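**Student:** Residues per chain, in single letters:
2 protein chains.
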Amino acid sequence: MVPCLASRWPARLLRASPPCWLAARVRGTPRERSPRPRSPHEAGRGCCSASGAPEVTLTPQRYAVQRLPFSAVSEQDLAAFERIVPGRVVTDPDELQAFNVDWLRMVRGSSKVLLRPRTTEEVSRILRHCHERNLAVNPQGGNTGMVGGSVPVFDEVILSTALMNQIISFHGVSGILVCQAGCVLEELSQYVEARDFIMPLDLGAKGSCHIGGNVATNAGGLRFLRYGSLRGTVLGLEVVLVDGTVLDCLTTLRKDNTGYDLKQLFIGSEGTLGVITTVSILCPPKPKAVNVAFLGCPGFAEVLQTLSTCRGMLGEILSAFEFMDAQCMKLVGQHLGLASPVRDSPFYVLVETAGSGAGHDAEKLGHFLEHVLGSGLVTDGTMATDQRKAQTLWALRERITEALSCDGYVYKYDLSLPVERLYDIVIDVRARLGPNAKNVVGYGHLGDGNLHLNVTAEAFSASLLSSLEPYVYAWTAEQRGSVSAEHGLGFKKKDVLGYSKPPAAVQLMRQLKALLDPKGILNPYKNLKNGPVSTSRGATLRRVRRNLWNVVLAVARVLCAGLQWAASSRAQDAPLGGQGPAW
Amino acid sequence: MVPCLASRWPARLLRASPPCWLAARVRGTPRERSPRPRSPHEAGRGCCSASGAPEVTLTPQRYAVQRLPFSAVSEQDLAAFERIVPGRVVTDPDELQAFNVDWLRMVRGSSKVLLRPRTTEEVSRILRHCHERNLAVNPQGGNTGMVGGSVPVFDEVILSTALMNQIISFHGVSGILVCQAGCVLEELSQYVEARDFIMPLDLGAKGSCHIGGNVATNAGGLRFLRYGSLRGTVLGLEVVLVDGTVLDCLTTLRKDNTGYDLKQLFIGSEGTLGVITTVSILCPPKPKAVNVAFLGCPGFAEVLQTLSTCRGMLGEILSAFEFMDAQCMKLVGQHLGLASPVRDSPFYVLVETAGSGAGHDAEKLGHFLEHVLGSGLVTDGTMATDQRKAQTLWALRERITEALSCDGYVYKYDLSLPVERLYDIVIDVRARLGPNAKNVVGYGHLGDGNLHLNVTAEAFSASLLSSLEPYVYAWTAEQRGSVSAEHGLGFKKKDVLGYSKPPAAVQLMRQLKALLDPKGILNPYKNLKNGPVSTSRGATLRRVRRNLWNVVLAVARVLCAGLQWAASSRAQDAPLGGQGPAW
Numbered sequence: 001m002v003p004c005l006a007s008r009w010p011a012r013l014l015r016a017s018p019p020c021w022l023a024a025r026v027r028g029t030p031r032e033r034s035p036r037p038r039s040p041h042e043a044g045r046g047c048c049s050a051s052g053a054p055e056v057t058l059t060p061q062r063y064a065v066q067r068l069p070f071s072a073v074s075e076q077d078l079a080a081f082e083r084i085v086p087g088r089v090v091t092d093p094d095e096l097q098a099f100n101v102d103w104l105r106m107v108r109g110s111s112k113v114l115l116r117p118r119t120t121e122e123v124s125r126i127l128r129h130c131h132e133r134n135l136a137v138n139p140q141g142g143n144t145g146m147v148g149g150s151v152p153v154f155d156e157v158i159l160s161t162a163l164m165n166q167i168i169s170f171h172g173v174s175g176i177l178v179c180q181a182g183c184v185l186e187e188l189s190q191y192v193e194a195r196d197f198i199m200p201l202d203l204g205a206k207g208s209c210h211i212g213g214n215v216a217t218n219a220g221g222l223r224f225l226r227y228g229s230l231r232g233t234v235l236g237l238e239v240v241l242v243d244g245t246v247l248d249c250l251t252t253l254r255k256d257n258t259g260y261d262l263k264q265l266f267i268g269s270e271g272t273l274g275v276i277t278t279v280s281i282l283c284p285p286k287p288k289a290v291n292v293a294f295l296g297c298p299g300f301a302e303v304l305q306t307l308s309t310c311r312g313m314l315g316e317i318l319s320a321f322e323f324m325d326a327q328c329m330k331l332v333g334q335h336l337g338l339a340s341p342v343r344d345s346p347f348y349v350l351v352e353t354a355g356s357g358a359g360h361d362a363e364k365l366g367h368f369l370e371h372v373l374g375s376g377l378v379t380d381g382t383m384a385t386d387q388r389k390a391q392t393l394w395a396l397r398e399r400i401t402e403a404l405s406c407d408g409y410v411y412k413y414d415l416s417l418p419v420e421r422l423y424d425i426v427i428d429v430r431a432r433l434g435p436n437a438k439n440v441v442g443y444g445h446l447g448d449g450n451l452h453l454n455v456t457a458e459a460f461s462a463s464l465l466s467s468l469e470p471y472v473y474a475w476t477a478e479q480r481g482s483v484s485a486e487h488g489l490g491f492k493k494k495d496v497l498g499y500s501k502p503p504a505a506v507q508l509m510r511q512l513k514a515l516l517d518p519k520g521i522l523n524p525y526k527n528l529k530n531g532p533v534s535t536s537r538g539a540t541l542r543r544v545r546r547n548l549w550n551v552v553l554a555v556a557r558v559l560c561a562g563l564q565w566a567a568s569s570r571a572q573d574a575p576l577g578g579q580g581p582a583w
Numbered sequence: 001m002v003p004c005l006a007s008r009w010p011a012r013l014l015r016a017s018p019p020c021w022l023a024a025r026v027r028g029t030p031r032e033r034s035p036r037p038r039s040p041h042e043a044g045r046g047c048c049s050a051s052g053a054p055e056v057t058l059t060p061q062r063y064a065v066q067r068l069p070f071s072a073v074s075e076q077d078l079a080a081f082e083r084i085v086p087g088r089v090v091t092d093p094d095e096l097q098a099f100n101v102d103w104l105r106m107v108r109g110s111s112k113v114l115l116r117p118r119t120t121e122e123v124s125r126i127l128r129h130c131h132e133r134n135l136a137v138n139p140q141g142g143n144t145g146m147v148g149g150s151v152p153v154f155d156e157v158i159l160s161t162a163l164m165n166q167i168i169s170f171h172g173v174s175g176i177l178v179c180q181a182g183c184v185l186e187e188l189s190q191y192v193e194a195r196d197f198i199m200p201l202d203l204g205a206k207g208s209c210h211i212g213g214n215v216a217t218n219a220g221g222l223r224f225l226r227y228g229s230l231r232g233t234v235l236g237l238e239v240v241l242v243d244g245t246v247l248d249c250l251t252t253l254r255k256d257n258t259g260y261d262l263k264q265l266f267i268g269s270e271g272t273l274g275v276i277t278t279v280s281i282l283c284p285p286k287p288k289a290v291n292v293a294f295l296g297c298p299g300f301a302e303v304l305q306t307l308s309t310c311r312g313m314l315g316e317i318l319s320a321f322e323f324m325d326a327q328c329m330k331l332v333g334q335h336l337g338l339a340s341p342v343r344d345s346p347f348y349v350l351v352e353t354a355g356s357g358a359g360h361d362a363e364k365l366g367h368f369l370e371h372v373l374g375s376g377l378v379t380d381g382t383m384a385t386d387q388r389k390a391q392t393l394w395a396l397r398e399r400i401t402e403a404l405s406c407d408g409y410v411y412k413y414d415l416s417l418p419v420e421r422l423y424d425i426v427i428d429v430r431a432r433l434g435p436n437a438k439n440v441v442g443y444g445h446l447g448d449g450n451l452h453l454n455v456t457a458e459a460f461s462a463s464l465l466s467s468l469e470p471y472v473y474a475w476t477a478e479q480r481g482s483v484s485a486e487h488g489l490g491f492k493k494k495d496v497l498g499y500s501k502p503p504a505a506v507q508l509m510r511q512l513k514a515l516l517d518p519k520g521i522l523n524p525y526k527n528l529k530n531g532p533v534s535t536s537r538g539a540t541l542r543r544v545r546r547n548l549w550n551v552v553l554a555v556a557r558v559l560c561a562g563l564q565w566a567a568s569s570r571a572q573d574a575p576l577g578g579q580g581p582a583w
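Residue numbers (the UniProt record's numbering), protein chains in the order written: chain A, 1 to 583; chain B, 1 to 583.
These are computed hints drawn from the structure, not numbers from a lab.
Because the structure is a prediction, the values reported are computed rather than measured.
Warning: the hint list may mix true and false statements.
For chains that are exact copies, the list does not tell them apart, and a pair is met inside one copy or across any two.
[As the list claims (entries may be wrong)] Within a straight-line C-alpha distance of at most 35 Å, the following computed DSBU-like cross-link-like pairs (lysine-lysine) qualify:
hint, residue 1, residue 2
1, K519, K438
2, K286, K389
3, K286, K438
4, K519, K529
5, K438, K288
6, K519, K389
7, K529, K288
8, K330, K519
9, K286, K529
10, K112, K286
11, K519, K286
12, K389, K112
13, K112, K519
14, K529, K389
15, K529, K112
16, K438, K389
17, K112, K288
18, K519, K288
19, K330, K529
20, K112, K438
21, K389, K288
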């Protein structure tokens with residue numbers, strides 16, 4: 001712990017602070033800390049289960065889910081795939097293992113085949129084949145998702161974008177990058193940073209995650225506060241539809257109001273409406289100066305006022321506003337040995353600025369800090385004067401997930417809530433669970449109204465789970481919050497969509513799914529609860545009804561015809577014979 | 001003209017510049033200058049046709065368009081409407097006139113009824129009725145569009161949002177505004193500015209346009225460069241679907257990844273997929289300082305380099321980068337008597353900064369100006385040291401449309417192009433038209449890659465038009481540009497969608513239209529060329545084919561049955577009689 005630096009801040013801030021770009025490399029993430037799934041250490045439970053992790057239970061054994069009537073991959077299918085992506089059809093069970101399990105090691109599929117296309121044309125041919133054959137497909141990027149959306153549930157064909165990793169173009173004036181979906185975010189960051197731009201998103205999983213997966217899941221991240229959603233920064237997409245049609249919406253224009261903005265359908269649809277193959281994205285200029293401050297606040301009300309003051313005084317240079325509670329600090333200290341740089345406080349806030357003038361930014365930050373300290377909103381604080389210290393401060397926020405993993409079994413919730421109620425749920429849940437929980441902590445991207453509520457216990461407990469769910473979801477729904485702020489629904493949260501969306505919206509989502517993927521083969525069992533099934537059922541019912549009606553009509557016609565025939569036959573028998581049937 | 005101020009700039013810039021908020025009130029607009037349609041002066045041809053404008057030709061008489069087989073409004077319908085919105089059913093032809101004509105006075109419908117709902121429930125009941133009765137509906141906001149999308153083409157029922165003008169809530173910390181669709185943008189601006197926020201969009205039409213119309217047309221505007229598209233700033237929408245279903249996607253959350261983002265379907269769909277009734281939008285904090293500089297550049301290459309330098313040196317405080325050519329300056333001088341504040345130059349640039357520290361911003365701007373003047377990118381310039389001067393500088397850019405209107409008949413194009421090719425089309429068109437055009441000018445939002453190409457002539461000429469179209473569209477398509485950057489397609493540009501979107505995209509748009517509006521009653525004849533028609537035709541063809549097949553099947557069955565009957569009849573005649581027909 002360092003002493004309060006209030007009196008010294010303004011003077012120090014007036015000195016140019018060195019940029020701390022490297023800090024970004026070690027940051028936490030809205031998807032929290034998402035390691036590469038290939039590494040047992042990272043894919044396990046952080047520091048506590050580095051090796052020898054038990055086999056993950058197969059998803060259908062753990063969750064109540066039935067395989068839909070898709071075809072099974074046959075030898076003929078494998079031969080067809082081999083013709084499309086020669087030498088890039090993986091069927092070796094050992095090799096497939098990592099692609100069947102999510103990195104949290106909570107869900108596991110049993111796919112028998114993984115395909116590694118390199119081009120859009122190959123993706124198109126794969127999907128056309130699967131569509132014709134009614135084979136389910138699981139599109140997979142870096143497999144760093146938090147909700148089991150990126151791995152198969154049963155034996156879906158895994159369609160990996162790993163080899164689609166080419167940068168197609170970068171425009172040095174506008175900062176528009178066009179690249180294949182399988183490009184790794186960190187590599188793209190390095191590429192554009194070398195050209196004085198940055199990617200508009202940054203995640204802890206950047207070393208593994210693919211830009212296509214980021215877009216398909218509408219990833220939030222650490223730069224969301226400053227640069228907004230991918231819905232604004234993604235300019236164009238190339239997508240392969242389920243029947244193999246290539247939808248070229250790959251514009252590199254900032255403005256285009258010609259017709260409906262189709263790319264929006266695919267952003268955040270988690271691979272259930274089409275497979276993103278190429279992305280065009282607007283990169284902001286690289287800020288020349290980055291400063292980080294870490295503050296202690298006496299209460300959540302003061303945290304909120306600090307946010308408000310921050311917005312007013314730092315304005316356009318504010319680039320991150322993260323918060324964590326005292327329990328988080330306790331856990332990073334206890335499990336990871338990280339020391340708090342400020343006096344013990346009920347809440348901590350991390351403020352980052354990024355701007356084009358180091359001196360100006362430091363001066364603004366100095367005035368802000370003077371104000372919040374003077375008014376008692378902040379009781380203690382420190383700030384990064386060098387890159388190493390910035391990293392150290394960011395680590396306190398970023399490594400919370402890791403510390404939680406060390407604390408026991410973790411129940412994770414990623415909620416959007418009105419900021420003034422954001423911490424109430426942590427207090428409620430803490431009171432509700434009492435000694436049944438080991439720790440109930442709250443942290444997250446306060447600037448975006450995004451809370452990560454995490455509960456730890458010695459081990460998984462069904463009764464603890466039933467105390468948490470649906471309580472947490474219902475609580476969130478009462479505030480008109482979102483039960484998945486940035487993680488998506490994937491497999492694990494598909495059942496709770498109704499807490500954040502009304503029936504009419506869910507119905508329209510199903511209609512969209514039925515329109516774009518009538519057989520429901522794209523990433524099935526994800527995103528919409530029984531979506532394709534119920535839609536298919538609806539469609540089936542309608543089809544059955546229509547066919548029945550056709551049968552009735554045909555029967556009626558035949559009866560009429562028969563009667564006419566009979567009548568005419570009788571007429572032929574009559575002395576004054578007439579004509580034949582009149583059809 | 002004032003002398004070059006280069007040497008004095010940095011010193012002057014260090015003085016705090018007074019904010020120039022009022023400047024925004026008189027600014028031009030991406031939709032250019034869009035007056036209230038009620039005023040003949042404004043709705044006419046600017047200074048040249050202030051009064052006595054001739055009756056606008058009925059759209060079907062001017063354009064090749066056939067009425068689709070919608071029902072006509074009956075006395076029973078009027079009675080039903082009167083029950084839904086008592087006292088707010090307008091049928092007086094004089095009163096209807098202003099709502100049948102667009103403000104550019106290029107298109108005119110012949111609607112016999114206008115409805116003024118106040119609530120979502122009323123909109124729902126109106127649409128339910130119209131859907132059941134197959135009555136076409138033209139949703140109308142402020143009627144300030146540029147492409148004839150906001151007025152009826154034939155006798156569509158006009159559904160006005162004018163009385164849906166209530167602010168529902170405003171959150172003073174997050175800056176999230178929730179309001180009805182009929183709120184006038186300028187009133188919303190005043191409301192949030194009084195609370196230290198600004199609207200994320202600003203248009204010249206702000207005094208008339210409705211926020212619902214802004215969202216429905218995905219309006220760009222003067223703040224696009226800084227705050228991005230409405231696709232990022234609109235957080236939630238309430239929309240009434242064609243059958244009256246109320247779709248509540250009215251979240252006030254910055255992040256929500258639960259299911260597909262349905263609101264995106266309606267942003268920019270020009271009222272063809274549903275009627276927006278309530279909007280939730282994120283307002284940025286009000287900048288504390290605004291500076292405006294007006295610069296002369298020796299060539300377009302220097303304009304581009306100035307943009308690039310500007311982005312690098314002004315970074316996060318850059319809020320507008322507009323350009324205009326010498327011809328524009330000539331016209332505002334000639335027709336409006338505005339004098340250029342800088343030496344005659346081939347190109348002019350307007351740079352605006354908006355930030356949270358007046359001194360810092362002025363210093364940054366000063367360094368930038370020193371650099372661009374020193375390097376020869378800019379040959380002369382001036383900057384606003386007071387609000388009045390800022391307004392004067394903005395007027396040079398904003399009043400171009402008005403000056404063009406005074407110059408004769410105007411052919412207008414709103415294009416998105418790669419910035420490095422952006423001005424080439426102006427040069428090409430100027431050479432192509434030669435003396436047939438009076439003036440060919442280029443200006444626009446260079447920071448967004450958005451060019452307004454305008455051609456004036458003494459009067460409308462079909463041959464001049466045929467020299468322009470499809471040439472301009474094909475030229476744009478070659479650059480993978482957009483033939484409508486921010487104006488939308490509406491009625492007038494629906495035929496050119498194919499220049500910016502491939503067939504697969506157009507096909508999917510039609511499928512979406514068919515899904516959400518199967519009868520095609522929502523703002524028909526707009527957005528998609530023969531969209532609903534061709535979709536309906538497609539559906540009809542499929543239906544006809546299916547029915548024919550059913551008939552063939554039925555006939556075949558009947559024939560079989562007949563044969564069986566005949567056979568059985570003969571069998572009955574035989575000594576060893578059998579059974580009857582087996583159906």
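**Student:** Each hint needs a verdict: does it hold in this structure or not?
**Tutor:** How the hints compare with the structure:
no.: 1; hint: K519 - K438; verdict: neither (45 Å within a copy, 58 Å between copies)
no.: 2; hint: K286 - K389; verdict: both (21 Å within a copy, 33 Å between copies)
no.: 3; hint: K286 - K438; verdict: neither (42 Å within a copy, 44 Å between copies)
no.: 4; hint: K519 - K529; verdict: both (15 Å within a copy, 29 Å between copies)
no.: 5; hint: K438 - K288; verdict: neither (43 Å within a copy, 47 Å between copies)
no.: 6; hint: K519 - K389; verdict: neither (53 Å within a copy, 63 Å between copies)
no.: 7; hint: K529 - K288; verdict: neither (46 Å within a copy, 48 Å between copies)
no.: 8; hint: K330 - K519; verdict: neither (50 Å within a copy, 62 Å between copies)
no.: 9; hint: K286 - K529; verdict: neither (41 Å within a copy, 42 Å between copies)
no.: 10; hint: K112 - K286; verdict: neither (44 Å within a copy, 56 Å between copies)
no.: 11; hint: K519 - K286; verdict: neither (45 Å within a copy, 50 Å between copies)
no.: 12; hint: K389 - K112; verdict: neither (47 Å within a copy, 71 Å between copies)
no.: 13; hint: K112 - K519; verdict: within (21 Å within a copy, 45 Å between copies)
no.: 14; hint: K529 - K389; verdict: neither (45 Å within a copy, 59 Å between copies)
no.: 15; hint: K529 - K112; verdict: within (25 Å within a copy, 46 Å between copies)
no.: 16; hint: K438 - K389; verdict: within (31 Å within a copy, 64 Å between copies)
no.: 17; hint: K112 - K288; verdict: neither (49 Å within a copy, 60 Å between copies)
no.: 18; hint: K519 - K288; verdict: neither (50 Å within a copy, 55 Å between copies)
no.: 19; hint: K330 - K529; verdict: neither (38 Å within a copy, 63 Å between copies)
no.: 20; hint: K112 - K438; verdict: neither (40 Å within a copy, 69 Å between copies)
no.: 21; hint: K389 - K288; verdict: both (18 Å within a copy, 31 Å between copies)
Hints 1, 3, 5, 6, 7, 8, 9, 10, 11, 12, 14, 17, 18, 19 and 20, counting from the list given before, are not met by this structure.
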